[in-house]
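S.K.: Take a look at the letters that make up each chain.
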Amino acid sequence: MNPAQIFFWPAIVLAAVTSASLGFSGLAFPLALLLFVIWSASIWILAREPNDQRFLSDEEPAASAVTIAESMAAMIEHSGTPQLLTKGARITVANKAARSVLGNHIMGQDPRVALRHPEAISLMDSAEHGEAIVSGLVRRRDIWRLSRHVLDEDYAVIELLNRTSEADIDRAHTDFVANASHELRTPLASIIGYAETLRENPGELDTETAAKFLKTIHREARRLQSLVNDLMSLSRIEAEKHEQPAKPVDYSALVERASRDAAGADRTGRIILDVVGGLRVAGDSQQLEQLVRNLVDNALKYGAPEGQVSISLDAGPNDNARLTVSDEGEGIPPEHLPHLTRRFYRTDPGRSRASGGTGLGLAIVKHIVERHRGRLEIDSVLGKGTSVIARIPMLAAEKE
Amino acid sequence: MMDHTVKAFDEDITRLRGLIAEMGGLAEVAVHEAIDAMVRGDKKLGDEVVARDKKLDALETEVDKLAVRIIALRAPLADDLREVIAALKIAGVVERIGDYAKNIAKRVSRIEKRQHFEPLTLLPTMAELAAEMVHDVLTAYAARDPELALEVIAADNKVDAFYDSIFRNLVSHMVEDPKTISTAAQLLFVAKNIERIGDHATNVAEMVHFAATGDYPPDDDS
Chain A
766 MNPAQIFFWP
776 AIVLAAVTSA
786 SLGFSGLAFP
796 LALLLFVIWS
806 ASIWILAREP
816 NDQRFLSDEE
826 PAASAVTIAE
836 SMAAMIEHSG
846 TPQLLTKGAR
856 ITVANKAARS
866 VLGNHIMGQD
876 PRVALRHPEA
886 ISLMDSAEHG
896 EAIVSGLVRR
906 RDIWRLSRHV
916 LDEDYAVIEL
926 LNRTSEADID
936 RAHTDFVANA
946 SHELRTPLAS
956 IIGYAETLRE
966 NPGELDTETA
976 AKFLKTIHRE
986 ARRLQSLVND
996 LMSLSRIEAE
1006 KHEQPAKPVD
1016 YSALVERASR
1026 DAAGADRTGR
1036 IILDVVGGLR
1046 VAGDSQQLEQ
1056 LVRNLVDNAL
1066 KYGAPEGQVS
1076 ISLDAGPNDN
1086 ARLTVSDEGE
1096 GIPPEHLPHL
1106 TRRFYRTDPG
1116 RSRASGGTGL
1126 GLAIVKHIVE
1136 RHRGRLEIDS
1146 VLGKGTSVIA
1156 RIPMLAAEKE
Chain B
83 MMDHTVKAFD
93 EDITRLRGLI
103 AEMGGLAEVA
113 VHEAIDAMVR
123 GDKKLGDEVV
133 ARDKKLDALE
143 TEVDKLAVRI
153 IALRAPLADD
163 LREVIAALKI
173 AGVVERIGDY
183 AKNIAKRVSR
193 IEKRQHFEPL
203 TLLPTMAELA
213 AEMVHDVLTA
223 YAARDPELAL
233 EVIAADNKVD
243 AFYDSIFRNL
253 VSHMVEDPKT
263 ISTAAQLLFV
273 AKNIERIGDH
283 ATNVAEMVHF
293 AATGDYPPDD
303 DS
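Chains as they are written, first to last, in my numbering: chain A, 766 to 1165; chain B, 83 to 304.
Worth flagging that the hints you see were computed from the coordinates, not collected in a lab. We put the beta carbon where it would ideally sit given N, CA and C, even for glycine. Some clues are possibly wrong.
Stated by the list, open to error - Which residues of chain A face chain B? A partial, calculated answer using Cβ under 7 Å:
#, residue
1, Arg881
2, Ile886
3, Asp890
4, Arg905
All chains should be modelled from the sequences, with the hints used to inform the complete structure.
M.R.: Now the structure itself:
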């Protein structure tokens, strides 16, 4: 026990007596009380503070190198990034993540056993802090960034960061640019070709052929336009994907309106609407409209030519508004299902292009659903048809 | 592993294993880079692989010295002796693997018209399989894992199958167009080298199995 604690109660009593006698000898009562409170509080702080500090400083000198390594091990054990502590030419601590990546056998081994890539070894041989990018450390073609920090002449910490997915993202970007340029070039080639033919043979072409050419040019230009529009909305949605839209939207009305829009006057007979009224979600009405339009348009385009498309909206489990769009088409083979929302992925490229598809429709749908913190599901039975289900969290129902 | 009473012996064994791992890492990278250089016709990368082989040779000498020193000074017995002997032999084999990679790298400048050659697209896949065997066998060595060693031994069949198909492919190229004979012959050597890398990885796997269990794995070659 420290002196401040031993004298705690006597000091309080002294403070009480002094304040009381000052009070009796004419000092105003509140003033005497205030004096007592401040006095005893300061004694209390004195008695507390040194006590806590003592507790720590008593323990510290006993800590040896072993307990430092142990406390270090406990500290990094559950870290998500693989970390190693080396002492001299030995691994003394490897956390859980490191053991699962490099194997349980690395404990107590030379770090070169765990990281045997030449770059990694030259990193470990140096006496300085350093970093190295190493590929094929664990699996084929993975990429890791090792960084090594020297603590003193004995100890060093090595941290491993997996950079494989970043390299994958880089590749995905390159692929996307390549795909997009390809998609843009195809319609341009027909436009330029037909336009040149028309210009170079004036008068030689009969009006019927010329009209046909012009129609093709127009169609391809339209396709180009919708492609550019889709690309733009995709990049806009992607840019905003982290901010969840908050505006309340009357989803039921929106679904009805957008479905009729998508069907247009000539296809409106093919849709069957079954919408529960009054469902509201927090969202971006423009994007939600695009979501519904894309789904309905897809179902009409790729479903059976004159078949029905049913659109239903109801309140699903977990307070989600469940939008289901089902067609009676030939279905989608299961091997395509996981890739459907990839950009420019087509199960049947010829048919998709012929019907003016951009290959971006479902990618846009997926991004919109994700931005609204919802889920997208695609179920398909070959020969029966496909249903796409989009669930979006609902706002609490308002009392009418 | 149980700790040894003589701590210095423990240190020596750990160092030995570290050196073997370092050699393995070098050999693995050499195989990858040699075949990369071959496919892309990158002479500079090929020269680097050739130059780096010296390091591998130096490491082998170091392993030899250390192993002899351990045996002379500490007179290890039972699994300790097995461990040292295995390290000695593995170092020799890994050094051979490095030599094959060097041999592939040396042939980079002797390949002509590389765009028109179909086997050049098969070789990297085959080399990747062989390099993966080298990687896995070293992991098996580090972890003393006889199961993984058996997997490596099984993987050699795939490399051999690749070799057969590349061989047929190259021979048919030679028959069709005599002008390709010199290039095809070079590639035949490359394929053979990769096949040998696979065989040597298998040898190491057998030693790992031996060091871990005291038995050689069952021989299923017929």
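S.K.: Give a verdict on every hint.
M.R.: Okay, the hints, checked on the actual structure:
1. Arg881: holds, 3 Å
2. Ile886: Since chain B brings a Cβ to about 5 Å from Ile886 (chain A), closer than 7 Å, the hint holds.
3. Asp890: This hint is violated: Asp890 (chain A) lies away from chain B, its Cβ roughly 10 Å from the closest one there, beyond 7 Å.
4. Arg905: Since the shortest Cβ distance to chain B is 6 Å, the answer is holds.
Going through the hint list in order, the structure does not satisfy hint 3, though it satisfies all others.
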